[in-house]
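Enquirer: Put together the whole structure using the sequences plus the hints.
If you read the protein sequences in the order shown, they are chains P and V. Read in the UniProt record's numbering, the first sequence has 92 at position 92, and its numbers run on one by one without any break. Read in the UniProt record's numbering, the second sequence has 250 at position 250, and its numbers run on one by one without any break.
Any given hint could turn out to be false.
As the list claims (entries may be wrong) - One-sided and incomplete, this derived list gives chain V residues near chain P with beta-carbon spacing under 10 Å:
(1) 4
(2) 5
(3) 146
(4) 201
(5) 203
(6) 247
Stated by the list, open to error - Straight line, CA to CA, 25 Å or less: simulated DSS-like cross-link-like pairs of lysine-lysine:
(7) P:110 to P:22
(8) P:144 to P:75
(9) V:118 to V:194
(10) P:110 to P:92
(11) V:365 to P:144
(12) P:144 to V:12
I should point out that these hints are in silico values taken from the structure, not numbers from a laboratory. Even glycine gets a Cβ: it sits at the ideal position worked out from N, Cα and C.
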Amino acid sequence: MTDKSGTMLYLDGVSVSFDGFKAINNLSIIVHPAEMLAIIGPNGAGKTTMMDIITGKTRPDDGQVLFDGRTDLTKLDEAAIANLGIGRKFQKPTVFESHTVWDNIEMALKKPRGVFATLFYTADAADIARITEILETVRLLPRKDDYAANLSHGQKQWLEIGMLLAQDPKLLLVDEPVAGMTDSETVETAKLLKDIAKTRSVVVVEHDMSFVRELGSRVTCLAEGSVLAEGSLDQVSANPVVIERYLGR
Amino acid sequence: MITQALFRALDKRAIWIILILLVVAVAVPASNLLLPTGHPLRLPNYVVPLFGKYLTFAMLALALDLVWGYCGILSLGHGAFFAIGGYAMGMYLMRQIGTRGVYANPTLPDFMVFLNWKELPWYWQGMDNFWIAMVAVVVVPGLLAFVFGFLAFRSRVTGVYLSIITQAMTYALLLAFFRNDMGFGGNNGLTDFKDILGQSISAPGTRAALFAASAVALAFAVFACSMTVNSKLGKVMVAVRDAESRTRFIGYRVEYVKLFAFVVSAVIAGIAGALYVPQVGIINPSEFDPANSIEVVIWTAVGGRGTIIGPIIGGILVNVGKSYFTGAFPEYWLFALGALFVVTTLFLPKGIVGLIGQYRAATTKREQHDRGDPTPRQVEAGVDPQPNPAE
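Expert: So this is what it looks like as C-alpha cells:
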C-alpha cells in the first residue's frame with residue numbers, strides 16, 4: 001500500500017477469523033491526521049470487529065495495524081492503546097450510570113491513570129475549566145449533577161462523545177453515534193463531529209445515510225470483512241456492487 | 001494533594017461513624033471497669049469480649065464491602081484473610097505461654113512437643129515479638145491477596161469464576177491448616193493463650209483494652225475505606241463494577257484497580273482477625289471454612305453493600321441475632337440465617353441502609369407531591385444499577 005509515515009491509522013492486510021468464520025478478510029484502511037472517514041456496510045460486515053482490533057480487544061491473525069505511522073497496536077492492550085490517544089465510542093451508549101455527568105467526564109479526563117495518582121487526584125482549576133468547557137460543547141452543563149442513568153438515550157450518546165473529548169485523543173472511533181437521536185440532534189452531532197475532525201482523525205461507523213451525507217467525508221463501504229468501495233458518498237452509493245450488496249434498489 | 005485526599009475521607013457520614021466508634025471505644029470499657037458491680041449501666045464482664053468480637057466481624061464485612069460493594073468482586077474467600085491475620089496473632093500468643101504449657105517447654109508450643117518436634121520451624125521464629133507478629137498480621141494477608149489477585153485479575157477472571165476460585169483458595173487453606181505437619185496445631189489450632197503484651201488475656205482490663213483497640217481499628221478502617229471510595233479511584237472502582245470493559249477503553253488498568261482494592265481489603269480483614277483471636281481465645285482451621293466466608297457476604301448484603309455504614313450494621317446485627325438464636329433456639333439458627341438471606345435478596349436488595357434510603361426518597365417525594373413539585377429524579381449512587389457491560 002502507500003507510505004506509512006504521515007498516517008494516523010494504517011491497516012494493511014488485516015484478517016481475523018472466529019471459529020473458521022472470517023470476520024475480517026484482508027482489510028486495508030488508511031486514515032490521515034485531521035481527517036474524517038465514514039464507514040458504512042451491511043450488518044456483519046466487520047465494522048465493530050475492525051474497531052475491536054484497533055482498540056486491542058481482538059488480536060488479528062494476520063496483517064499490520066499501525067497508529068501514528070509507527071506504533072504497532074497489535075502488541076498492546078486496551079488501556080495502553082487508550083492512553084496512546086485512541087478514544088472509542090460504543091454502539092450502545094456506555095456511560096457510568098451510577099456516576100454523575102460531571103464525574104463521568106472527570107474520570108475520562110486525560111490525567112495520569114495510575115492507581116496512586118488516581119487515589120490522590122484532586123481536580124485543579126484547569127481541570128474544572130476543561131470539564132466545564134466539554135460539558136458546554138456537548139450541552140450537558142445544566143445536567144452536570146444528574147446521574148448518567150437519568151439521561152435520555154441521545155444525551156447518553158452526547159455524554160459519551162464528551163468523555164471521548166475529555167480523553168483528548170488523536171483518533172476517535174465512533175460507532176453509530178446517532179442511533180436513537182432525533183433529526184435535530186443528528187444534525188447537531190454531525191456538526192460536532194465535523195468540528196472535532198478539524199484537529200483530530202475521526203472514524204465514524206454509521207447506517208444512517210442522511211447522517212453520512214451530512215458529514216460530507218470520505219466513505220468506505222465494507223462487506224464480508226473487506227473493502228467493497230471507497231470514495232465520496234456519491235461515488236460509493238453509485239457503485240453497482242454497493243447497491244447490490246448493501247443499499248438495495 | 002495528600003492532605004486533600006485525607007480531608008475528603010472525612011465526609012459527614014464517615015465523621016459520624018468514626019465519632020460514634022470512638023465514643024464506644026471509651027464508653028464500653030469505662031462502663032465495665034469504672035461502674036460498681038450491680039450498677040444498671042454496668043456492662044457485665046462477658047459482654048465486653050462479645051461486643052469486641054462483633055466489631056471485628058463488622059470490620060471483616062466492611063473489608064468485603066470494599067471489594068464487593070464498590071468494585072464488584074464477589075470474594076467468597078474473605079474469611080481466609082481474616083483467619084491468616086488471626087493465626088499470626090495466635091502464633092504470638094502461643095509463644096507467650098512459655099513454661100506454663102502442659103509440657104512446660106520454654107520455646108516450643110505444646111502441640112510441637114506432642115508431635116516430637118525438636119525445634120521451632122523457621123516461620124515461628126521471631127513471632128514471640130509483638131511487633132514482628134503485627135507486621136505479619138498486615139503483610140501475610142496482603143501478600144496472599146497480592147499474589148492471588150495479580151494472577152486472577154491479570155487473567156481477567158471475573159464474576160462467578162472469581163467467586164469460585166476464592167472459595168477454592170479458602171478451602172485449600174482449610175485443608176492445609178488441618179495438617180499437623182503444617183506446624184499450626186492442626187485440627188485443634190492455637191489456643192490456651194495466657195498473656196498479651198505481658199497482661200493476662202482474661203483480665204477485665206485487658207479485655208476492655210482489646211475492645212477499645214477493636215473499635216479504634218474499625219474507625220481507622222472506616223477512614224481508610226472512606227478515603228478510598230471518595231477519591232477518583234473510588235469512582236473508577238464503581239466504574240469497574242458497572243462497566244469493566246468501558247473503564248479499560250478510557251485507559252484505566254482495571255486489573256491494578258482491582259488489585260489495590262483486594263489488597264487493602266485483605267489487610268483490613270487480617271487486622272480484624274488479629275483482634276478477633278485474643279477476644280475469643282482460639283483460632284483453628286474452621287475459620288477457613290467456606291461457609292464462614294459466605295456468612296460474611298450475608299452480613300454485608302443484609303446491612304447494605306456499596307455503603308460504608310451498611311456492612312458495619314449488618315455485621316453487628318446478624319451476629320447479635322446469631323448469639324441470641326444459638327442461645328435461645330440453637331437448632332433454628334441456620335434456618336433463620338437462610339431465611340434472612342432470602343428475604344434480603346427478595347425484598348431488600350440494598351439492605352437495611354437501602355431501606356432507610358427508600359423511606360427517605362418516599363417521604364421527600366410525598367412532600368414534593370404535596371407542594372406540587374415535579375417528581376425528583378432518583379437513582380442513588382453506590383447501589384447497583386443495571387449491569388451495563390460495554391459490548
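Enquirer: Run the structure past the numbered hints and jot down the numbers of the failing ones, going up.
Expert: 3, 4, 5, 7, 8
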